[in-house]
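Q: Each protein sequence line maps, in turn, to chains A, B, C and D.
To convert, count from 1 in the first sequence and add 679; that's my numbering.
To convert, count from 1 in the second sequence and add 679; that's my numbering.
To convert, count from 1 in the third sequence and add 679; that's my numbering.
To convert, count from 1 in the fourth sequence and add 679; that's my numbering.
Which bits of chain D does chain B cover? Going by a derived footprint, with three or more residues having C-beta under 8 Å, they are:
1. 751–764
2. 769–777
3. 780–790
4. 803–813
Within a straight-line C-alpha distance of at most 30 Å, the following computed DSSO-like cross-link-like pairs (lysine-lysine) qualify:
5. C/Lys-982 <-> D/Lys-720
6. B/Lys-901 <-> C/Lys-804
7. A/Lys-844 <-> D/Lys-755
8. C/Lys-804 <-> B/Lys-755
9. D/Lys-844 <-> B/Lys-990
10. D/Lys-804 <-> B/Lys-804
11. B/Lys-686 <-> A/Lys-900
12. A/Lys-842 <-> D/Lys-900
13. B/Lys-901 <-> A/Lys-686
The set of hints was computed from the structure by calculation and includes no laboratory data.
These numbers come from a predicted model, not from an experiment.
All C-beta atoms, glycine included, are put in the ideal place defined by N, C-alpha and C.
Number of protein chains: 4
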Amino acid sequence: MKKYSFKNDYSEGCHPKILEMLSKTNYEQQQGYGDDIYCEKAIEILKEKIGNNDVDIHFVSGGTQANTIVITSVLKSFEAVISASTGHINVHECGAIEATGHKIILVPSKDGKVKPNDIIAEINKAEDHHMVRPAMVYISNATEVGTVYTKQELTELSVVCRKNKLYLFLDGARLGSAMSSAVNDLSLSDLSRLTDVFYIGGTKNGAIIGEAIVINNDNLKKDFNFHIKQRGALLSKGRLMGIQFLALFQDNLYFDLAQHANNMAKKIADSISKKSYTFLTNPVSNQIFPILPNTLIAQLEEKYEFYVWQKIDDVHSALRLVTSWATLEEKVDEFISDITSF
Amino acid sequence: MKKYSFKNDYSEGCHPKILEMLSKTNYEQQQGYGDDIYCEKAIEILKEKIGNNDVDIHFVSGGTQANTIVITSVLKSFEAVISASTGHINVHECGAIEATGHKIILVPSKDGKVKPNDIIAEINKAEDHHMVRPAMVYISNATEVGTVYTKQELTELSVVCRKNKLYLFLDGARLGSAMSSAVNDLSLSDLSRLTDVFYIGGTKNGAIIGEAIVINNDNLKKDFNFHIKQRGALLSKGRLMGIQFLALFQDNLYFDLAQHANNMAKKIADSISKKSYTFLTNPVSNQIFPILPNTLIAQLEEKYEFYVWQKIDDVHSALRLVTSWATLEEKVDEFISDITSF
Amino acid sequence: MKKYSFKNDYSEGCHPKILEMLSKTNYEQQQGYGDDIYCEKAIEILKEKIGNNDVDIHFVSGGTQANTIVITSVLKSFEAVISASTGHINVHECGAIEATGHKIILVPSKDGKVKPNDIIAEINKAEDHHMVRPAMVYISNATEVGTVYTKQELTELSVVCRKNKLYLFLDGARLGSAMSSAVNDLSLSDLSRLTDVFYIGGTKNGAIIGEAIVINNDNLKKDFNFHIKQRGALLSKGRLMGIQFLALFQDNLYFDLAQHANNMAKKIADSISKKSYTFLTNPVSNQIFPILPNTLIAQLEEKYEFYVWQKIDDVHSALRLVTSWATLEEKVDEFISDITSF
Amino acid sequence: MKKYSFKNDYSEGCHPKILEMLSKTNYEQQQGYGDDIYCEKAIEILKEKIGNNDVDIHFVSGGTQANTIVITSVLKSFEAVISASTGHINVHECGAIEATGHKIILVPSKDGKVKPNDIIAEINKAEDHHMVRPAMVYISNATEVGTVYTKQELTELSVVCRKNKLYLFLDGARLGSAMSSAVNDLSLSDLSRLTDVFYIGGTKNGAIIGEAIVINNDNLKKDFNFHIKQRGALLSKGRLMGIQFLALFQDNLYFDLAQHANNMAKKIADSISKKSYTFLTNPVSNQIFPILPNTLIAQLEEKYEFYVWQKIDDVHSALRLVTSWATLEEKVDEFISDITSF
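Please construct the entire structure, taking both the sequences and the accompanying hints into account.
A: Here it is as C-alpha cells:
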C-alpha cells in the first residue's frame, strides 16, 4: 500500500480547470515571452483583484527564481537583504541570493516573522562603507513555519522600512493559504499598498508551475524584464503562465483552493489539540507543526509521509504536516482517526 | 484577419499527447523535485535512446537556464567558454553567462558553426594568468542560422577539444530539427560519445516547457543538482518535465514532430529556390533565411508574421522563417502560393 | 594638541628598514608581477621560517583581498564558508565574500573563536542540494576581539575539518601579535601543518602594505595566480611586496615588532586590571577591550583616540585599545597615568 | 651581463622624491583608509590641476582594480561596457570585468581606439531585454598599442556617448605619456569635461603603486567607497597613496617623468625610421611597435629584454619597446647604435 503524503503541497498536478484551458487554447498561435493574450488577461484580472492598475506583474516559474530576480534587481552590489533566520532564501535556496552577490543579514526568529526592532538594530549596526548596507527586508507570508502576518504587523514593518529607506518584499509562495487563514486580515490591496513588491504563489496552490510577481513601487519597475531574461526565467511559451493564473483568478478558484487546504489542516490541528498535544507554532495555515510522542510518530510513519521537523526532547518531536488544494478529506479523517487510536 | 506566424517555433502550446498524460496522472501523489516516477521513466527511456546507461539526465525549464547552469557548473572562475559570435549565449541571453562570472570568447562565424582552427587559435592566444583560460566550447545544433553539424564536423571538434582539455557542450534547443535534417548523419549515441554534455530541447519541439540536459563526462556529473537548485531551476513539480519527455520519447513522437517542421520548411525553401532566390545559409532545418526583394517582403508582411533578419542591399533583405511541429501545411501552401503570385 | 591614537595598528607608516631597502634597490630593473628577486628571496626565507619547502606563497596588498581570493579560489559556487559571527569577512569587508557568490555560514561567538561543535552542527544541518554545502572554515588569529588560539584549539579544529573534508583557513592579519602573545604555543610550522592556507599580515605589523598568503594544501595551489589577477591583486611592481617581507623576515624583525606592540598593550591592561576594571575578552594581544566607566572614557577621549566598542550598561562601555610596532612607550605611560589619576 | 629591459614601464621602483616623502612622514599618526592629510592634500592639488573642484577622487592600487571598480559601480547587472578588442579589460585582466557579472562588447580596432560609428552600431543592435544593454564605453589613453586620442576624437566620443546615455570611461594607466605626446592636445580639464570618469596612472609613471580615479559625473559619485571596499581596494594605510600623488603632482614631476619616457621612445623611433623600418602603429608615446627583420631581433635579444608582439611575415615581426621615467639615455643610445650596426 502506498503511503498517503502530508509531506508538502506540491505532490499532485494542478487544478483540472487549468488543464482544460490549456487544451482549449492549445493550437492558437500566440506571441512568445509573455506577450500573449492570456498573460495580458491574467494581468488585467490580477490588477483588478489587487485594486491597483499601476502595478507591474511578471510571471516566473518558481519561488527561488522569484526571490533571486526580485532581490538582485533591487540591490546594488554592496547592499544586503534582511531576513528571518528561518527565511526560505536563507535556508533552502542553496545560496541563490549570495550567488548573485548579495549578503543576507539574518535576524533570529522563532515564529518565522521579522520584527521592526530587528530591522532597526541592523540599520544601526551598518555604520559606513566597511559594512554592507541593508536595503531590503524579505518576509514570507505564510512563513516557513506556518505563521501568518496580521495587518498591524505588516503595517509596522512597512512604516519602519519606508522611514529607513528599505524596500519591503513579501514572498507569497503560500500567500493563498496565508490570506485564507482565520487570523488573516490582509487583502491583496493591503499587500500592494504596504509592500514594494510581493509575489502570488501558484505552484503550491493549484498551478503546476508559476508565481506572479507584483511590483508596487515605481522605482522597481524599470527594466525588470532584463533581470528575468538574464536569470533564465523568461519562458518562450509564456502562455503557460498566463493561462494558469487566468484559470485561478478569473473567479475565486485560487482562494477556494487555499481555503480547502487550510480547512484540512485545521481539521487535523483541532484533533491534535483535543488530544492535548501542543504545536511548535500556532497552527493557522496549511502547514502545521504538532509536537507528538516519537512512538506515535513511528506508527504514523507506517501509513503516511511527512517530515519530522525537529527534535523536542528525548521522547517528542515536532512534525511538519502540509495539506493542499488536492488533499483528500477522507485521508485527513483517516489520519485523525489514526492519531486518536494509535 | 489574424496573420499566420512563421516567427518562431513556440507560437502554439504542446502536443496533445502531453496534455492527455498530464490529465491522466494529475491526481497521483508524486515526490517533488524530479524524484517522481515520470522523471525516472523518461530518464530510463532517454538513456535507452541514447544507448548509454551511464549518462546523467536533468530537466530544466528553458534554454538560457540549461546553458547557464551547464557552463557555470563546469568552469572555474577564471575559465572561459568559446562560442561562435552568432551563438545564443552571446547574442540572446542578456548576458546570462557573464552574470555568473565567465567570459565568452567569440570566434567569427558566418554559418553559425565553430571550426577546429578557431579553437586552436584561441588556445594559442591564452598565454598565462593575465588572460582567461578557454576551458569549454559551446556549439548549437541546429545553429542559430539554421545550419546543421555533420558527424565529421562534430568529430573534428571533439578531437580538438579532447586533445586540448576543453569540454564540448552542444546546445540542442533545436536538436530535433537538426537530427531530422536531410544532411544529418548524427545519432543520439554519437552526440553522447562526441560531446561532454548536450541538451535535448523540448520547448521548441512539442513540449510546452523543458529541456533535458544529458551529461556524458563523469567529471561534470557530481553535484550538478546543487547548480540547478542555486540557479532557480529545480522545479518542485518536476513531474511536469518527466511527463512531457515521456510523452515525446516513449515512441518516436519527438522526431516525428521535428520531421514535420523540417518538411514544412523544405517545402517553402524549395518553392523559393524555384523562383531563383538565394538563402543566407543553406536551408536544411526548420529555420530558413531566404533573401527576397523588399517589395515582396512588404507584401508577405500583410498576411504573415516573421522576422526580417538582415539587410542585404538597398532592395533585398534576408528573412527568418521558422516552422514547427504545429505548422499547418495549408498555411505553408498559401504562403508558397503568395510568394509565387506576388 | 593632537590626540594620541590607540585607534588601530595602521596609524604610522612602516618600519624604517623597509624604506631603506626600497631606496637601496630602487633603480634595479626587476621583472614585474612578483617575478623579481626580492619576492623570490622573501619566499625562500618564509619557507625556511615555516619549515616547509612545499608551501606556495603569494603576496597581495590587503586583508580583504587575501580573504576574498583565498575563499573564492577554493569554493565551488554552491559551497559556503563557516565563520564566527565576529569574523572580519562577515562584519567589515562590505560583503566582499558574498560579492564573489558565496554564503558565509555564521556561528555565534563571544570570544571570537570558532569551536569544533559549531562546525559539526552546521555540517549536520546541510542535508542536500537545497542547501549550501559548508566546505571551508575561516578563523582569525588573533581574533577580531583580541583573543588567541592555542595549539590544542587549532589542532581540534584541524581534526574536525579534515575528518569532514572542510578546508581550514586562518586569517593572520594580526598573526604577529597572536604568535607573540604570552598564551601562544603555535609556531609557523604548526600553522602550516594544521591549516590548509593562512596568511601572514604585514600591514598591521610594520609593513606599509601587504599580506603573505601561505598555501599548505596541494589541492589549493593550482592556478592561484589566475585568481590573484582576476581580483585585481597582481601588482605590476611586485618588488614592493618582496622587499617588505624580506626586510621583516630576514632576521626576527617581524616578531620583535609584534612583541613591542603586545608589551605596550599588556602594560596598559595590567594598569587597568590593577584598578579592578574588567575586560570584554582576555587581554592577550595588541587589541584589548577594557570595560570602563563612561565618565572616565569621556576624560580619556579628550587626549586619546580609540573606539568605544560596545555599551555594557548605562554607565559602562567597553573600549578597543590597539597598540602597534610604532606605539610610543611614553604615550602608553601617559595613558596609564591618566587612567589612574582621572 | 644582465640585459637592459625595454619590456615595460614598471621595471624600476619609484621616483626618489616619493621615498623621501615617505621617510619624512613615516612616524606621523594618520587616520586610516584614505582619511589622512596626504590624501586630502593630494586630492586638493589634483582638483586644482584638473581645474574642477567638483570631481571626486579615489586612490586604488592598480589598473585592474580601477577598471573593475569603476565599471561594476556604474553598470546594472544587465548592462555592458563597449571596448576596443585590444582593450586591457578584454585582453589582460583575466576576465575581471566578467567576474563581476558584466559583458564586454567588443568592437574591432587596429589602432587601439574606439570610433563613434562602432558605438552607434552596437546601440542599434541592442533591441530589447533579450540582449545586454550597452551603458558605458571604455577607452584607454594612451591605448594598449601606443596611440593617443586627440581632443577632436575624444569630443566626438563624448558627444555620441552623451546623446545615447552611455558613460564614457578613460583608462589612464599611461595617461602621463599620452598627455606628454607631441600629438596630444588634451588637458586634464578637457578629460574632466569630456569623460564621466577617468583615472591617472601612477604605477607606470613614477609611483611604486597606485592610480587616482577621477569621477566627473555626479551620478557616479554616490557610495563609490562601498565599491572600493567590497573589491578589496581600500588600503588601511591610505597615506601610501596620498604621499605618492602629492610628490608627483605638487609640482610638474608627473609630466616631467612622462616627457622623459616619451623622449627616450622618440629617440629610438627616430633612429628606426631613419633605417626605413616601419611601425605597427604610429610611434607617439612611450610604447612603440617597430617592425624589424627577425635576424635583427635575434641579435637585439642577446642584449635587451622586450616583447616580440606579433608576427608580420615569415621574416619580420613587430616588437613592443617600452620606455619609462627611469629609462637611461645611455642605454637608449646603445640600443640605437646596436640597431644601426647589427
